[in-house]
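Q: Here the protein sequences come in this chain order: A and B. Using the working numbering, count along the first sequence one by one with no gaps and you end on 1579. Using the working numbering, count along the second sequence one by one with no gaps and you end on 1579.
These aren't lab readings, by the way, just hints derived from the structure by calculation. Since the model is a prediction, treat every value here as computed from it, not as a measurement. Hints may be right or wrong, so weigh each one.
It does not matter which identical chain is meant; a pair holds if it fits inside one copy or across any two.
To be verified - Using 30 Å as the maximum straight-line C-alpha spacing, the simulated DSSO-like pairs for lysine-lysine come out as follows:
#	residue 1	residue 2
1	Lys1419	Lys1512
2	Lys1465	Lys1419
3	Lys1465	Lys1512
4	Lys1512	Lys1493
5	Lys1508	Lys1493
Each chain is listed here by its residues.
There are 2 protein chains.
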Amino acid sequence: MHERGRYDRAAVFAVLDAGLLCHVAYTLDGQPYCTPTIHWREDDRLYWHGSSASRMLRQLKAGTPACLTVSHLDGLVLARCGFNHSANYRSVMCFGTARIIDDPEEKAHALLGVVNRFYPGRSDDLRTTSAQESKATTVIGMRIEDASAKVRAKGVADDEEDYDHPVWAGVISVRTVIGADQPCPRLLPGIARPDGLSAYREGERLDEALLQTQRLYENES
Amino acid sequence: MHERGRYDRAAVFAVLDAGLLCHVAYTLDGQPYCTPTIHWREDDRLYWHGSSASRMLRQLKAGTPACLTVSHLDGLVLARCGFNHSANYRSVMCFGTARIIDDPEEKAHALLGVVNRFYPGRSDDLRTTSAQESKATTVIGMRIEDASAKVRAKGVADDEEDYDHPVWAGVISVRTVIGADQPCPRLLPGIARPDGLSAYREGERLDEALLQTQRLYENES
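Bound-form chain A, shown alone (with noise of 0.2 Å):
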């Protein structure tokens, strides 16, 4: 299904890079889990986290294997048969081996991307992180051993004896877009919405206001 090691760095970062939420895959005690959550991406390694009060997340203090995807639903594709529905998306699949980071350094740097993933610079600007804060969070790394990128972004593909059916066809497509912002109502006086998130205005597509903000975050690092 695919071969390990190899895969498309540029097809692969682009669908991970689009997306603010991914799904993880692990297997606990037999029991698969797809765990949806937040993921940041530096080079081919992928972080995500949680409370260190999960049971499940201190399982996997020695590494097991895992799965990371991300995908974008882009439409509906509305064929003249069964067969031929389906849907336009993007989606990448990542294999590699989930660890819990423990590296005290590892983690601090962790724990500033995550926040740089709204966009870079954020956390200059932040009251500092406590250490009871990062003790109650589990940051998790794997490495991109391998990784499948399938991307369907096209018309309706019919049978050619189908297209005589007398029935509605076509793609109904489908966006994720910036809404209003809303404020915080304790916001002190005089506090501009930063420059920062500059890239995601009203209307706009998320997938590519976080395209450009991880563009800018990998300029300045």
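Assemble the complex: chain A is given as a structure, and chain B must be docked to it using the hints.
A: What follows is chain B alone, placed relative to chain A:
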């Protein structure tokens, strides 16, 4: 983490039915896979499908523990410290045993179900599924034995002493919306957009359209 067999069906179904796309975790030869796919639901049974040529799906024959998750991202939550950064979201993890549907009657019914997920009655107007197409499609079913729904739907929740920290904080809302129709360029003359698609209107939320079609489906069956 979760009590087998006890879950809030209304809350779980509301999240499942609002999504077209799910992620399924299963373990094959010790490797977890997190596969994005289209799901549909009848009462407490979930269905999804794939190609019969898939080596992976064939291994589900005997039944295997699985976890099917649906998630909706609703906002980015930017707080005054890293620890309180978060996302607004709705998600549900469903646990059960995934099995290939072999019974011809159940399989035929399920294959109508995926098409009628787009809108109820769609299957009536299509070219009938051939025996060959049915054979080429593997349908997987799973009864929800247990499920857990999680929702975050609120503003920034900072520590009381942090509200004096001079940084912008707030929620950047996000929604998945329906775009313009892309009718197949080979539509026969006089074929109108079906009434069943009326829930899908440009600019409207996809989750609401999907909830509406699911309710119609349940009322008709």
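Q: Out of the numbered hints, which ones does the structure contradict?
A: Violated hint (a single one): 1; every other hint is consistent with the structure.
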